[in-house]
Amino acid sequence: MTELLLFNVTNGLIIGAFYVLMALGLSLILNLSGVINFAHGGFLALGGYIAFTMQPFIGFWGALLLAPVLVAVLGLLLERTMIRRLYGRDPLYSLLLTFGLAFILQDFTRYVWGANGLPFTVPAFLAAPISDQLFFVTWYRLFMVAVVAIAVGGLFLFLRYTRTGVRIRAGTLDLETVSVLGVNVGGLRAYNFALGIFLAGLAGVLASGQLSLVPNMGDSLLMPSFVAIIVGGVGSLPGTLLGGLLIGLASGLVTLFWPSAADAVIYVIMAIVLLLRPRGLLGEEGMLG
Amino acid sequence: MAPAARMRLLKLAVIWVVLLTAPYWSAPIGGYPALCSRVVILGMAAMAFNLLLGFTGIMSFGHAAFFGLGAYGAGLALKFATSSTILAIIAGVLLGTIAGALLGALVVRRRGVYFAMVTIAFGQIFYFIAFRWNTLTGGDDGLRGFARQPVGIGRWLLDIQHNDILFYDFVLVVLAVVAGLMGLLLQSPFGRTLLAIRENERRARFLGIAVDLHIWLAFVASCLFVACAGALYACLNNFADPTLFNYNMSGTIVIMAVLGGFRAFWGPMLGAAVFVVMQDYLSSMMQNWMWAVGLIFMAVVLFFPRGILGVLRRRASA
Amino acid sequence: MTFLAIRALRKQFGSLVAVNNVSMEVAAGECRAIIGPNGAGKTTFFNMISGYFRPSAGEIELDGQPITQLSVRGRVARGMARTFQITEVFPELSVRENLRIAAEVQQGLSLRPWVGRAARARVEAAIEASMARAGLVEKADRLVGELAHGDQRAVEIATALALQPRLLLLDEPTAGMGEQETYQVAALIRRLHRDHALTIVLIEHDMRVVFNLADRISVLDQGRLLAEGTPQQIADDPAVQAAYLGDAE
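Chains as they are written, first to last, in our numbering: chain A, 1 to 289; chain B, 1001 to 1318; chain C, 2001 to 2249.
Here chain A stands alone, though its shape is the one from the complex (with noise of 0.2 Å):
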């Protein structure tokens, strides 16, 4: 039973690192454009393929390091193109854009590396158990929370204390007095959808070591990763990063319990929080509506 709970909460904390890793690049593009990136898991399942590809030829390190650079570089591209023509229009619009781009997304990788699932294989000490007891856990799950606690407090760190990080978070609480500053808000827009969908490639590449590659992998990641967000409370990053992990061990332990209600579960919590806390967690008045 020990084993078992403990096997659901390493489950639980995984997935919920995979939420995380999703719901703050969508939360950084939520909070400073406005957007909501219905394309993120294109990207993640983008970010997944493109290391497949690279890795025979720059091996597993490599790949999880270029990968997610790639995505975000065309990430930068299509949000220089179409997406900064929707700022300060009706929310509706780059809703509608980015859920057609998630088809799009779809149908092109269907289209490259077929719907089938492939083989993403993991350097062989990373797949192995750490130990007789703890067979089910992997050397590959302890660095995939190892590498999403990284990516997290790196991120945190960056928003404190670099200049561009400080101008997003100011961005985001009040962007019109950022603009007056002399801030250039398209840049630093780009600049910040790029960091979001950089999140989402690398959170790509390591799920692909993990769940399995298919086109639509970044479908399942996709509405936790807004629970998540709500959650959290609109708005503040550290209540991204607690509703995610609060949603994926809610649903590890659940599926203990009842399996048929994991993936409902999310959504209970969200509807409680939302009676008992409207803003979410830690969101603040005033934020986003």
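Treat each hint with caution, since some may be false.
Said to hold, decoys possible - So the derived list for chain C, only partly shown, Cβ under 7 Å to chain B, looks like this:
no.	residue
1	Val2076
2	Glu2092
3	Leu2109
4	Met2207
These are calculated hints, taken from the structure and not from any lab test. Here a beta-carbon is modelled for each residue, glycine too, at the ideal position from N, C-alpha and C.
Using the hints provided, position chains B and C relative to the given structure of chain A.
Same frame as chain A, now just chains B and C:
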């Protein structure tokens, strides 16, 4: 009669003549009665959704939930409880409306992107319920084993079950009721208050309007009519499956409204016609066609943000 | 007789005290102007009276009844109406429809799915009366978003009046207007004040408008009440001259 009113009556007459004769004039260009029914039903859903987007200024991205509930409600009723198509539709409408009232109460204080996001997320609950509750809903395979039944009116029995054109006419009768009710609602003081909220929520609030209550009522009304469309959809296909609840369905409802023109009452119906016909054509042409639908979404956003009727109106006034 | 009484009102945003211990009494039928340099806390003060913000401390009474805890709706129901610094109207509706919405709210019809003939006639009469008062009859069927700024302001004021308020709050009614429009709007306010004995509180930067309209003037500076009195007293007050009139104009 004032010229404006006469113009409106004329437009309405044209719309209904086109709708009534659709199975006949569309046949030579590849249309068929079931396709016509699909257009009208999805158009009804988009018009109902548009009560919120176009006439209250609220963006709900989770209307698939209520469409799906209408469909499952009607399907389950036909399968287990009743042999009356009309009672089944009422059951679907009730299910969708009750769910809309409950969820609406949770989301009604949110605005803008936040409202969109919460409605998207909540819509998924029903997807999982339909997917997981195998014994009742048939799970992933969908709900089968029911069929719409002939409708009796007085001494007559209309065999909408086997005659597709009769079923189409039945759908039009429901549309007439739904559109009539929505039209009355929008022209009432209540509807004008919704317009006030769309135009300027702050001003509306400082006029002493109970904004949240009005939005909630509009949400419930919208869910009611969407559920009605969903119930008809189940009757059309004699089938319902979990994809009806998916956010892709919500997106489809939204894009139909925007494509046709969401500032016009009948715009979403036009959008549905264009979208459904294009989709029907694309899916017959190629195996992977979602990317093309994606292109339609993007083209609408970038080139026709006010929809087909929006473009026509601008032409007319220029 | 005091109509609007404000006692020791205070608003704090974090460590910033925007309004500090301001008390004020406005008599029924009075036109009171609130002036002060930018950042003096005038709009924050207004927002507390109209229910946009909850005060951090202090009391507000309207016609002898405490309203500090009331919602915006509750205050409107007790006869308060306001306009905003940036004109707030329903831009894609006609003048008539803008006023119709206000009239229907005032007559408690906003939730009705239908109205009877008598109620409709009452609404029509209210619309016509509001348009006549604000001089908008010729523009009845124009979209408000297409009107000139001064006319939009007149629509906003007329909308507020359609609520049949007993207290009208005007936040910088002539902000951003040219000579002609400022004159028009000031004349409208004067007419309302004179003909309908409406109690008016207004924030205004244009001193000609203030001295022309106000019965009494309150001067805010850095969140505090600096001075209060008739226009003449204020003009002669050395503290006011130092703090405000001297450096601002």
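Status of the hints after comparison with the structure:
1. Val2076: Result: holds, 3 Å to nearest chain B Cβ.
2. Glu2092: OK, holds: Glu2092 of chain C within 7 Å of chain B, min 6 Å.
3. Leu2109: Since chain B brings a Cβ to about 4 Å from Leu2109 of chain C, closer than 7 Å, the hint holds.
4. Met2207: 27 Å, violated
Of the hints listed earlier, the one the structure fails to meet is number 4.
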